[in-house]
Amino acid sequence: MADYQIRRCERQLEGGIYPETHKALSTTDSCVFVDDPKRLVFPIHFSGGGPGEALVAVGDTVFQGTPIIKCQSGITHVASRSGKVIEITDHAITHPSATKSASIIIEPNGLKDQDYLDPLVWPFDADTLRNRAIEAGILGLGGAGFPSFKKWSDGTQTLIINGAECEPYLTADDTLMRVDTHSMIRGACMLSQSLDIKTIIIGIEDNKPEALEAIESALKESRSDCFFDIVLLDTKYPSGSERHLVWLTLGIEVPTGSRAIESGVIVHNPGTLAALSRAIDGKPITDRIVTLTGEALTAPQNVIVPIGTPISHLIEAADTNPDSLASIAIGGPMMGYPVTDFTAGITKTTNCLLAREIEVPPESPCIRCGACATVCPVRLQPQQMVFALKGGSLDRAVHEGLIDCIECAACNAVCPSHIPLAEWFRLGRFEARDKANDQHLAAEARERFEARNLRLERIALEKEAKRAARQAKTADALEKARKARKESA
Amino acid sequence: MIKRPDYPPADTQIVMRSVLIALIPGIIAMTLFFGIGVLLNLATAIPAALAAEAVCLGLRRRSISPRLNDLSAVLTGALIALSLPQAAPWWLIILASTSSIVLGKHLYGGLGQNPVNPAMLGYALMLISAPITMTTLWVDPLVTPDLATAWLAYLGQSNDAVTGATMLDLYRTEFRVLTAAEASQNPLFTQAHLGLIYGYEWVALAYLVGGLWLIYQRVITWHTPVGLLVTLAVVCAFFNFDPDTATPVWIHLTAGAGIFAAFFILTDPVSGATSPKGRLWFAIGVGILTYLIRTYGLYPDAIAFAVLLMNFAVPMIDHYTRPRIMGRSSSIRGSGGQS
Amino acid sequence: MTDALWTIGAGVAGLSMIGFLGGILLHYASKVFSVDGNPLVNSIDALLPQTQCGQCGHPGCKPYAKAIADGEPINRCPPGGQETVDRLASLLGVDTLPLDADDETIEQDLVAIIIEKDCIGCTKCIQACPVDAIVGAAKLMHTVIVDECTGCDLCVEPCPVDCIDMIPRPKSPDYWMPVRPDIISSDRFGQIGMQHG
Amino acid sequence: MTDLLLIIVSAALVNNFVLVQFLGLCPFMGVSSRIDSALGMSLATTFVLTLSSVVAYLLQTLLLIPLDAMWLRTLAFIVAIAVAVQFTELALKKTSPLLHSVLGIYLPLITTNCAVLGVALLNTNRTHTLAESAFYGIGAALGFSLVLILFAGVRERLQLADIPAPFQGASIALITAGFMALAFMGFTGMIRL
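Residue numbers (my numbering), protein chains in the order written: chain A, 1 to 489; chain B, 1 to 339; chain C, 1 to 197; chain D, 1 to 193.
By construction, these hints were calculated from the structure, which means they are not laboratory data.
Yeah, the Cβ is synthetic: ideal placement off N, Cα and C, and Gly gets one too.
Take these hints with a grain of salt, some might be off.
[As the list claims (entries may be wrong)] Have a look at the derived ranges for each label pair, beta carbon to beta carbon:
hint: 1; chain 1: B; residue 1: Ser129; chain 2: C; residue 2: Ser30; range: 46 to 56 Å
hint: 2; chain 1: A; residue 1: Arg433; chain 2: D; residue 2: Asp3; range: 39 to 49 Å
hint: 3; chain 1: B; residue 1: Tyr320; chain 2: A; residue 2: Asp434; range: 30 to 40 Å
hint: 4; chain 1: C; residue 1: Ser30; chain 2: B; residue 2: Asn240; range: 35 to 45 Å
[Stated by the list, open to error] SDA-like, lysine to any residue: derived pairs with alpha carbons at most 25 Å apart:
hint: 5; chain 1: B; residue 1: Lys277; chain 2: A; residue 2: Asp438
hint: 6; chain 1: A; residue 1: Lys390; chain 2: D; residue 2: Arg34
hint: 7; chain 1: A; residue 1: Lys390; chain 2: B; residue 2: Ile24
hint: 8; chain 1: C; residue 1: Lys171; chain 2: A; residue 2: Arg467
hint: 9; chain 1: A; residue 1: Lys435; chain 2: C; residue 2: Gln55
hint: 10; chain 1: C; residue 1: Lys66; chain 2: A; residue 2: Lys70
hint: 11; chain 1: A; residue 1: Lys151; chain 2: C; residue 2: Gly57
hint: 12; chain 1: A; residue 1: Lys150; chain 2: C; residue 2: Trp176
hint: 13; chain 1: A; residue 1: Lys390; chain 2: D; residue 2: Leu174
hint: 14; chain 1: D; residue 1: Lys94; chain 2: C; residue 2: Gln55
hint: 15; chain 1: A; residue 1: Lys435; chain 2: C; residue 2: Glu157
hint: 16; chain 1: A; residue 1: Lys70; chain 2: C; residue 2: Phe33
hint: 17; chain 1: C; residue 1: Lys62; chain 2: C; residue 2: Ala29
hint: 18; chain 1: C; residue 1: Lys124; chain 2: A; residue 2: Arg452
hint: 19; chain 1: D; residue 1: Lys93; chain 2: C; residue 2: Ser172
hint: 20; chain 1: C; residue 1: Lys124; chain 2: A; residue 2: Glu457
hint: 21; chain 1: C; residue 1: Lys124; chain 2: A; residue 2: Asp127
hint: 22; chain 1: A; residue 1: Lys466; chain 2: C; residue 2: Gln55
hint: 23; chain 1: A; residue 1: Lys435; chain 2: C; residue 2: Phe33
hint: 24; chain 1: D; residue 1: Lys93; chain 2: C; residue 2: Asp86
hint: 25; chain 1: C; residue 1: Lys171; chain 2: A; residue 2: Glu53
hint: 26; chain 1: C; residue 1: Lys171; chain 2: A; residue 2: Glu457
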């Protein structure tokens, strides 16, 4: 039995909101596989891990687990079912950009052919684990899709399992913690042991008693010597944000512009750890749990879905006709984004499909009431930032702290003028990033330009010196010749 | 018992409507003590404000109905109507109301863009432009005018019988030469009900009720009213050396526009400071300036000037009261690193 | 008469004295506060896009920065666009000017690309590139390092076989930019119901 | 002591040079588009104002009155102010070249800032003593700085506001300055000196 304690979080999230969670809608005790879809879609550049390249060609036969995409960061994505590559073409993708992008389309053949990796045998070191994560295509499954292995550095003291799942409607992590508890605990222990981490914190909101029970019983069976510190959090949005979870559980404020890892903390989604546990056994990520929810679905539930499954297939799996929906929100009501083309396939970061009728009230001018500022979990002044952005001054918005915005959209929820603040901030952050990039390039160009000028100057000086030497030589020779002539004369 | 909401109203229109509802007790009390002129003021100022708003929006080719429906112009009109003298002539009311909307609001781009409080701008403009009208047409609550008298005053025929010096005026002029005991022989004091000065303090009480309801509804926070009233009280108490010449603390708080301003004028979110700390500083500034101008200046009630002056300081207050951003070491530092 | 003379003399003497004292003070002040170079140039240079394209009429960005510090108009930098003009105006506290450029050249982020089959390896473009973004050797094919190219198009002119094209800068395949929220209304958010408890 | 304080308050608020006496409007409109430059300008002006009111007093009592050359007053004061400004400019160029460039033409123009000459002349007109002159200068400078910085803050906000096209830029700034003057009328009559 692993040592563990359960404590209530002693800190209070500053700001934040208490949205209606709607979690009962999709909460089910079991979680089943959906039927295999007719085709699977794998965007080459948008599967997570940065732009990639296809490792297969049209007509190739792939097995479940065959690598098909290799990203620039090294992450490999695999086919989630065996079948045939029928097309590589621009296809709708599950991404906020709502564009079409090059994708590999696979038609599953229903066979159970598998192409897995060799299991790792303990003891292994962190590098082995890192390589395995890359091969198995492990990304943060919570939604951001940050390549997990980049977080694993030596000298880390704490691993936090982010089981907060504060976003309304979502129950994917809750379900995973209930049905796949052992994998999650095992993954956490393996990671901790290879990185020599002693304490594992599980941050979990107090609205998930079943998951807590499952974790407790799994820990009682576990033989790990890690210490598990289970922290019960208030059900308040956004306590599951990485920064806020670190502060709530440890009291560490991650400084602006750095990640939790730089403060010695790793934060992982339960799904990531469960996937890691399977990857150690040789099985890359081929499936994930997705919450199908929202009032517009007939049968909301959590299902295990092969990566690449088209959204329309999942809507049908929830007993609903895809044609009856205009759009579907990917990832929940707060931080999600709309997708209208349901042929797009889900990716590793798709945790929820939310279908509901929503009425968007017309936007009215900001009256600076400050409601957004009172709920901002990073203590920003959203009203000032949006005033600057709408007025066209990105610099002013950055000055007000735009870079610190976590885009949690709590401000949107309370704004009496119905201003889409978080959208403005996302746009602003993208623009700020582009601008910073441009400035970086300009600085480099300046350096090269100055280096070149120095070089040209040096070459010119050398030439001048050579010319002078040559001239002197010629003059010398002439002088000699003249002397010789004189003498001879 | 209705439960207190956990969040501020979810719509701008509801915010404005709540403030209008909260004005009702004050309006009733004012009508009771100062006569029907109050209602005439309202009935003139609100349509004038709406018309000005509509014209401005039309000139800028903006959609008119959503902005009229959000009740912000109605509120501005109501506030200016309640600030003006009760026996004010119609032209003054219309001028004040339209200049509030046009100069105070739409020159700067309409709702949410104005740096100064429109109602107080309109009031101050009138005070400068028509000082006699603005200072002599206050109704004496002891001779509450009937409808006919009020109507005559509305048409511009002032009637000395019903107008009189306001409480603050009395303290600045008549009571200066009287001892506190002599001053308390004034009918306004002798006719006090339940210890509340006739008229003025009852109106203040009514506004207080509305204001507290606004706080209860989370439409406004406690920072602004508490900041103003406490500052005013503390500053008065501090300088209140001689009871025979100085205006007493409670008069400062209740006899002028103190309570009304604390809950309804200073709480205008657009022109006020935006963070809770900033609001506190804003209100403290208004409190100090109000006392100074009331005591040493020419104008008996100084809230309008104090509010305008502090409005101009708002960008600075906002800058220096910005809370420390999570993950940063200091609050006023500019841009941080890139994420 | 003498009175008037005395008055005028006193005035002249007084003013001369003031002028003399002031002159001495300023003389010493100018020694104490003498400035080497102009640090302002670096602040201006930091805002310029560093394309080194010479479209401003100066051989590079730094010389233009110097010229601005000496009072040249701030709107002569087409690659920087209106945004750079605005930022310069803000830095220098002057009124902003409209960008002095053809409409075509504004808002275009271009890079040079060498049509490799046509390249004869003359190295003329390499010599022309102000930021060393072209690699290659004599008689061998050259190529542009796209990430380092500033799009100044100084290499296009010298090419004897006309094998350099300017193309829009290729974006990373996963590049995207959110849509302005006031252009489309997103259906991402309805009103979130709040728990009242 | 109370008198000196009253002089400061009077010069800074009640008889504010910019908003009540309408002196020094050129830098008030010119250098108020950004808070940083407004801060710099107010520092420079404070320095020049204080310095020049003292120097003007000294010139007056030590030079002009003994020489009986009061008719040279304006001329002499302008020379003194010019020296003070020139000195400030040299110092500023060394210590903060950016600010020097931001203030640009407005820095030498402090010389012709009528508020500066106004303070010097008003000092002599009111037969202030040395201390009174200095405090009057400081008060005037504080008032100038206060309104300049507040105005710059408001203008920074106005730059982002959705101002109707005909009023953008200088016109809304002038209107706002007018409203500010209106607000300062609240101080009228507070101190009669």
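Numbers of the earlier hints that this structure fails to satisfy, in rising order | Hints 2, 4, 5, 7, 8, 10, 11, 14, 15, 16, 17, 19, 21, 22, 23 and 26 contradicted; others consistent.
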